[in-house]
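Trainee: These are the residues of each chain, in order.
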Amino acid sequence: AQSVTQPDIHITVSEGASLELRCNYSYGATPYLFWYVQSPGQGLQLLLKYFSGDTLVQGIKGFEAEFKRSQSSFNLRKPSVHWSDAAEYFCAARGGGSQGNLIFGKGTKLSVKP
Amino acid sequence: NAGVTQTPKFRILKIGQSMTLQCTQDMNHNYMYWYRQDPGMGLKLIYYSVGAGITDKGEVPNGYNVSRSTTEDFPLRLELAAPSQTSVYFCASSTVEEWDEKLFFGSGTQLSVL
Chain U
1 AQSVTQPDIH ITVSEGASLE LRCNYSYGAT PYLFWYVQSP GQGLQLLLKY
51 FSGDTLVQGI KGFEAEFKRS QSSFNLRKPS VHWSDAAEYF CAARGGGSQG
101 NLIFGKGTKL SVKP
Chain X
1 NAGVTQTPKF RILKIGQSMT LQCTQDMNHN YMYWYRQDPG MGLKLIYYSV
51 GAGITDKGEV PNGYNVSRST TEDFPLRLEL AAPSQTSVYF CASSTVEEWD
101 EKLFFGSGTQ LSVL
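Line by line, the protein sequences give chains U and X. Mapping to our numbering: the first sequence position 44 is 44, numbers consecutive. Mapping to our numbering: the second sequence position 102 is 102, numbers consecutive.
The set of hints was computed from the structure by calculation and includes no laboratory data. Glycine included, every Cβ here is placed at the ideal spot set by N, Cα and C. Treat the hints with care, as some may be off.
As the list claims (entries may be wrong) - With the Cβ distance kept under 7 angstroms, some of the chain X side facing chain U (calculated, not the full set):
no. : residue
1   : Thr7
2   : Phe10
3   : Leu43
To be verified - Reference listing, derived: stretches of chain U covered by chain X, where coverage requires no fewer than 3 residues with Cβ under 8 angstroms from a Cβ of chain X:
no. : stretch
4   : 30-44
5   : 102-114
For reference, chain U alone in the conformation it holds in the complex:
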């Protein structure tokens, strides 16, 4: 069955430290991949997406993600975390040509220490 796994439920990092949030997918073929962020009490906002081509994708707010086919992974990274990055992050995937079938991971909550 198709699935998206985010192994870390909660991560705490110090402000200014680097960040990596993990995402693994299970699909028959390479899916389209997304990272969304949800601030408290808000809807989700797209950070970045990967469809094809360059495996290192740049997004908004200084985030990037790297697609690794061999590891079925699409990890999100940021070199230096800001206090405003505290939020919940969701990885999502869907197969090509199936707009209605976006599958979300369970999310990783990021806390930032001053």
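Since chain U is already given, all that's left is putting chain X on it; use the hints.
Mentor: Only chain X this time, still in chain U's reference frame:
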């Protein structure tokens, strides 16, 4: 720029009551979606629509109904509310073009069924 607007923001229902969650978007998007978000479970797709007059079931459609009479509006109906429907509900919309795919989310409706 209103984007995706959901009403109400909060609602408490008694078991067996019915209600409609309203969703409207002003971006002329063809695709619209309803998700529910339960703690620690990510988002689950309830229903989606690829255009006016066309709707389809998502992963968790039982207990819900939708209609799409206009491009702008996509209401979600709960006919006989049950405690299992206590959740946060998000409406979203997106464009058709895959290369520009991006979900725009409303701010959510927190529903409690007691």
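Trainee: Against each hint, give a clear statement of whether it holds in the structure.
Mentor: Do the hints match the structure? See the list:
1. Thr7: Violated - the Cβ of Thr7 of chain X stays beyond 7 angstroms from chain U, reaching only about 14 angstroms at its closest.
2. Phe10: Since the shortest Cβ distance to chain U is 11 angstroms, the answer is violated.
3. Leu43: Interface hint status for Leu43 of chain X: holds (4 angstroms vs cutoff 7 angstroms).
4. 30-44: Answer holds; 6 residues pass the 8 angstroms Cβ test.
5. 102-114: holds (count 5)
The structure does not agree with the numbered hints 1, 2 stated previously, though it agrees with the rest.
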